[in-house]
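Colleague: Listed here are the chains, written in short residue letters.
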Amino acid sequence: MTLWTAVLAASFLCVLLKALGYAIPPRWFETPRAERSIDLLTVALLAALVAVQTLGVGQQIVVDARVPAVIVAAGLLILRAPFLVVVVAAAVVAAVLRALGLAT
Amino acid sequence: MNAMDAAAFTAAERRAWREGVGVALATSAYGVSFGALAVASGLDVWQTGVLSLMMFTGGSQFAFVGVMAAGGLAAAPAAIASAALLGVRNVAYGLRIAPLIGRGWRRAVAPHFTIDESTAVALAQSEPRARRIGFWVTGVGIYVGWNLSTLGGALLGDVLGDPRAYGLDAAAAAAFLALLWPRLRRRQAIAVGVAAAVLASALTPVMMPGVPVLVAALVAIAVGWTNAFGARSAT
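Heads up: the protein sequence lines correspond to chains A and B, in order.
Numbering of the first sequence is given in our numbering, commencing with residue 484 and proceeding in unit increments.
Numbering of the second sequence is given in our numbering, commencing with residue 414 and proceeding in unit increments.
These are calculated hints, taken from the structure and not from any lab test.
Certain hints may be false.
[Said to hold, decoys possible] Pairwise CB distance ranges, derived in the manner of DEER restraints:
#: 1; chain 1: A; residue 1: P509; chain 2: B; residue 2: A533; range: 14 to 20 Å
#: 2; chain 1: B; residue 1: G515; chain 2: A; residue 2: R516; range: 48 to 54 Å
#: 3; chain 1: B; residue 1: D575; chain 2: A; residue 2: I544; range: 18 to 24 Å
#: 4; chain 1: A; residue 1: A517; chain 2: B; residue 2: A521; range: 22 to 28 Å
#: 5; chain 1: B; residue 1: V557; chain 2: A; residue 2: A517; range: 21 to 27 Å
#: 6; chain 1: B; residue 1: P595; chain 2: A; residue 2: V545; range: 26 to 32 Å
#: 7; chain 1: B; residue 1: V607; chain 2: A; residue 2: V579; range: 27 to 33 Å
#: 8; chain 1: B; residue 1: W518; chain 2: A; residue 2: L499; range: 18 to 24 Å
[Claimed, not checked] Computed footprint of chain A on chain B; a stretch qualifies when at least three of its residues, placed anywhere within it, have a C-beta under 8 Å from a C-beta of chain A:
#: 9; segment: 422–435
#: 10; segment: 574–585
#: 11; segment: 592–606
[Said to hold, decoys possible] Going by beta-carbon spacing under 7 Å, a handful of chain A positions derived as facing chain B:
#: 12; residue: F512
#: 13; residue: A527
#: 14; residue: A578
Backbone N, C-alpha and C fix where the C-beta goes; we use that ideal spot for every residue, glycine too.
Please take these sequences and the hints and turn them into a complete structure.
Modeller: Below you can see the structure in the form of structure tokens.
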């Protein structure tokens, strides 16, 4: 598979899912069980991605400058900082720690 | 709808415009981080642009480039699956927005603009016309802004060099955390989030990059289906 194939296949599937919401009868999805499953699916995917992006390097688990950066991000989210502030702050923390040689 | 109605906006409709524009500006701004991360993960500027133009659903876009960054081309099937699974929630949004949208060409293009933000702004309005305004202003506004800022971020990322020196890898983790944060209100969601994070970390050394995230997703579906850890009063 080329990178282009992957980009187009993933995009196509996401477009299809958006269209599906307009095409199917609401009663199929508007059950507590289906709604709960969709909500938790989103939570689990995002939480797993946080963990892997914070600790993973390929197939290794590594504690580096990303960990303090994500802790700062969590603190800012508790303080209700906007998305962009949270993301930029995390980048700055990691970049500064690496520039000073305090973390890898 | 007639021409006289269209000329003047009620207070509720002005509020929908205001909220839509505000959310569109704020959301568009972080397209810069997506563009830069996508290029850092190995996509070229064109591929990055196609993701924002075609896929156009932020969580899925970040997931796709995140998995590609970790596993390269070998992880492409997992990247596609992650993006698609994160896009499943747009089905639920479509169900809620469909009754607000009339027939004809609007109905044909509405799905493309059905994302977290346009759904949230639309459903926060109390009148049908204000809801429609909230949906279109937010959805189309973000589409324009997100694609412009993605292009800017991608071009910037191309000249930056080593993404780690700028903390872009940490920015990706923070972006997922910020997307996750508003969803962690109930105890069941927190339990599932923690379990998914622990499971994905534990499986990382023994599975191909991207696959641990998918395994964590399957656990969430099982919990959702059986309502494990759920409040008994939740109906």
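Colleague: Take the hints in turn and mark each one as holding or not.
Modeller: Going down the list of hints, with the structure as the test:
no.	hint	verdict
1	P509/A x A533/B: 14 to 20 Å	holds (19 Å)
2	G515/B x R516/A: 48 to 54 Å	violated (31 Å)
3	D575/B x I544/A: 18 to 24 Å	holds (22 Å)
4	A517/A x A521/B: 22 to 28 Å	holds (26 Å)
5	V557/B x A517/A: 21 to 27 Å	violated (33 Å)
6	P595/B x V545/A: 26 to 32 Å	holds (29 Å)
7	V607/B x V579/A: 27 to 33 Å	holds (29 Å)
8	W518/B x L499/A: 18 to 24 Å	holds (20 Å)
9	422–435	violated (count 0)
10	574–585	holds (count 9)
11	592–606	holds (count 9)
12	F512	holds (6 Å)
13	A527	holds (3 Å)
14	A578	holds (4 Å)
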